[in-house]
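Participant: Taking this note's numbering, the leading residue of the first sequence gets 25, the next gets one more, and so forth.
You may find that some hints are simply not true.
DSS-like mimics (lysine-lysine), calculated; alpha carbons at most 30 Å apart, straight line [unchecked claim]: (1) Lys173 - Lys102; (2) Lys173 - Lys549; (3) Lys211 - Lys119; (4) Lys116 - Lys230; (5) Lys580 - Lys549; (6) Lys211 - Lys116; (7) Lys91 - Lys205; (8) Lys498 - Lys564; (9) Lys316 - Lys331; (10) Lys549 - Lys564; (11) Lys143 - Lys211; (12) Lys230 - Lys205; (13) Lys143 - Lys173; (14) Lys102 - Lys91; (15) Lys78 - Lys116; (16) Lys205 - Lys143; (17) Lys498 - Lys559; (18) Lys205 - Lys498; (19) Lys205 - Lys116; (20) Lys91 - Lys78; (21) Lys559 - Lys580; (22) Lys173 - Lys230; (23) Lys78 - Lys173; (24) Lys102 - Lys116; (25) Lys211 - Lys237; (26) Lys549 - Lys230.
In case anyone wonders, no lab produced these hints; they're calculated from the structure.
Note that the structure is a prediction, hence the values are computed from the model and not measured.
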Amino acid sequence: MASSDKHSRRYDSSRGDRGGGGDSFYGSDGGKYGGRESKYDDPPHSRLFIVCGKSITEEDFRESFSKYGTIDEIWVVKDRTSEEPKGVTYIKFSKTSEAALAMEEMNGRCIGGHPRPLKVLIAHSRDQGSRRDMNEEERLLRLFVVVPKSQSEADLREHFSQFGDIDYVSIVRDRSTRDSKGFGYVKYHRMSHAAKAYEGCDRSYKPVFADPKPQKPEGLKFEGGGREMRGGDMRELRSMDGGYGYSSAPVAPHHSPFDSISYMDTSGLNPDGVTRLTVIASPHLNQDQLWKLFDLIPGLDYCDLRKDRKAGQARGVATVVYNNHQSATYAREKLHGFEYPPGQRLIVKLDYHDMPPGPPPPIMGGGPGGPGGPPFSSLGRGISGSLPPMNGTVGGSPPVGMGVSPPSNISSGGQPNNNIQQNLAQLAETIAQATSLIQAAGLNPVGPGGAPSLGGNQGPPGGETYDPSYCSVKLPPPQPLAPVDSAVAERLFIVCHPTPPPIYALKDVFGRFGNLIDIYMLNGKTFGYAKYAEKESADKAIAALHGQEVLGSRLKVMEADPQHDKGDSGRKRLRIDDQT
DNA sequence: CGACGGGACGC
DNA sequence: CGACGGGACGC
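With the hints as extra help, turn the sequences into a complete structure.
Facilitator: Below, the structure is given as structure tokens:
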């Protein structure tokens with residue numbers, strides 16, 4: 025029935041502000057449920073699914089359930105044609121805790137003179153269907169909370185015990201230093217208590233019902249914001265992705281292609297089981313480099329690079345073969361369009377050569393940076409509509425993930441998939457490093473077709489560049505980032521007026537003085553910080569950038585005040601196994 | 001003026 | 001076992 029659009033229009037699936045990139049883009053947070061599920065589950069888990077005797081009426085339900093809260097709707101499901109009640113009823117409450125209480129109180133009771141006891145459950149989201157999994161009972165007892173690093177388990181417990189009996193609280197800590205990682209879990213014995221806490225705890229804890237612990241990769245999970253997958257988003261992604269294509273529609277801000285979605289079967293994208301790719305790359309790349317890049321994805325069998333010439337342009341053309349089609353699909357999804365080296369976007373296509381006749385997958389826009397394709401980063405103004413022009417120092421992230429991750433749970437073929445998840449994080453990091461290395465090695469790119477790329481970094485290595493539409497001052501060429509674990513030699517305080525440019529632009533600009541560890545803007549604020557591993561680099565950045573303009577935003581750049589030290593948090597007692 | 005992020009369970 | 005209708009912004 026043309027499932028109506030009204031509960032599926034949301035692009036802001038995740039307040040995807042992970043990994044320092046790209047938040048400021050899609051607004052800052054906004055609503056308190058950063059992109060709820062459909063209206064049937066707003067707030068989350070506020071709807072009951074009841075299995076009941078067929079003769080029980082809406083009024084029977086109203087009588088018994090209204091005492092638990094505000095009922096938005098009671099729907100006694102009837103067969104569409106016969107009008108026969110199906111013995112199933114939905115009751116939507118205005119609050120999660122009301123639904124939880126009603127469930128706890130009414131489950132197993134009889135109403136309306138019918139002998140069959142009610143079975144009362146929290147309804148699954150509409151898209152989730154009737155699938156149940158094992159931890160059904162565990163499911164809504166645990167909250168995921170953000171906790172100031174200075175707070176201990178005891179502090180957490182103290183705040184959350186007011187809502188009910190706590191099973192346990194935990195704060196996730198660094199294995200070796202025992203430092204809090206800034207988040208934790210609170211588990212109750214009863215859902216109504218968890219729900220009360222969810223609604224009533226200090227908002228700074230940003231509570232959400234915790235995702236079930238790993239293991240059972242049930243269904244699809246979104247990440248970033250780390251909230252539950254929302255069906256609407258899923259649908260949207262599917263249609264956005266429409267088979268092979270890259271949508272030209274604005275995409276949600278996935279910051280790295282490797283962190284966006286956990287489990288999604290991509291086999292549908294590669295129905296013929298193609299394991300072979302054709303790659304068109306910069307002529308500067310050698311086979312070894314290409315091998316290393318594609319070998320980041322498990323299952324690489326073969327990589328052969330040859331030179332080619334098209335329209336007078338030298339380029340590298342390679343054939344890459346994986347030992348399974350999922351890896352091939354994944355490689356295409358993630359590396360097509362990746363700037364490698366920075367400024368040179370790879371074109372990666374499934375190779376249908378040797379395949380039964382059929383249309384090869386269309387590649388929209390003729391392939392980024394490819395002949396006929398729009399020159400990628402003639403940056404200018406149109407940033408928001410296009411992919412962030414990742415150029416080398418911008419963390420080297422591949423272009424925006426188009427949302428599909430490798431099959432992670434395929435039961436066929438015995439592919440080792442447990443590791444893929446973990447590999448992804450490293451993968452992203454490795455690619456970033458590789459990009460930096462290539463950059464450092466002087467493989468600075470020439471913009472596609474001579475078009476200027478971001479910040480005009482097409483200049484000869486070592487030369488300065490100047491693109492006033494990007495930055496009001498001449499900039500050194502891109503530099504590799506410093507390792508993330510570098511000691512901070514100097515921190516800068518940055519103010520941007522009127523609004524901060526996209527973070528990747530800042531990262532690029534501030535990265536050009538070398539040794540940049542990290543730069544971030546605070547969510548919704550006009551200021552932020554940059555950390556450098558060398559004082560000299562930081563000082564150069566101040567000298568060059570203070571008072572200058574990046575993409576229309578005026579910068580103030582100065583040394584940051586020392587970080588406000590939160591009390592004792594360092595180490596408490598490292599060892600306490602000593603009883604005295 | 002404008003001052004401190006994110007974060008998913010190392011079994 | 002027992003899972004999804006009807007109505008539909010409001011300028």
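Participant: For every hint, state whether the structure bears it out.
Facilitator: Hints versus structure:
no.: 1; hint: Lys173 - Lys102; verdict: violated, 52 Å
no.: 2; hint: Lys173 - Lys549; verdict: holds, 21 Å
no.: 3; hint: Lys211 - Lys119; verdict: holds, 19 Å
no.: 4; hint: Lys116 - Lys230; verdict: holds, 24 Å
no.: 5; hint: Lys580 - Lys549; verdict: holds, 14 Å
no.: 6; hint: Lys211 - Lys116; verdict: holds, 25 Å
no.: 7; hint: Lys91 - Lys205; verdict: violated, 41 Å
no.: 8; hint: Lys498 - Lys564; verdict: holds, 13 Å
no.: 9; hint: Lys316 - Lys331; verdict: holds, 18 Å
no.: 10; hint: Lys549 - Lys564; verdict: holds, 25 Å
no.: 11; hint: Lys143 - Lys211; verdict: holds, 24 Å
no.: 12; hint: Lys230 - Lys205; verdict: holds, 15 Å
no.: 13; hint: Lys143 - Lys173; verdict: violated, 42 Å
no.: 14; hint: Lys102 - Lys91; verdict: holds, 25 Å
no.: 15; hint: Lys78 - Lys116; verdict: holds, 19 Å
no.: 16; hint: Lys205 - Lys143; verdict: violated, 40 Å
no.: 17; hint: Lys498 - Lys559; verdict: holds, 21 Å
no.: 18; hint: Lys205 - Lys498; verdict: violated, 39 Å
no.: 19; hint: Lys205 - Lys116; verdict: violated, 37 Å
no.: 20; hint: Lys91 - Lys78; verdict: holds, 22 Å
no.: 21; hint: Lys559 - Lys580; verdict: holds, 18 Å
no.: 22; hint: Lys173 - Lys230; verdict: holds, 14 Å
no.: 23; hint: Lys78 - Lys173; verdict: violated, 53 Å
no.: 24; hint: Lys102 - Lys116; verdict: holds, 17 Å
no.: 25; hint: Lys211 - Lys237; verdict: holds, 13 Å
no.: 26; hint: Lys549 - Lys230; verdict: holds, 19 Å
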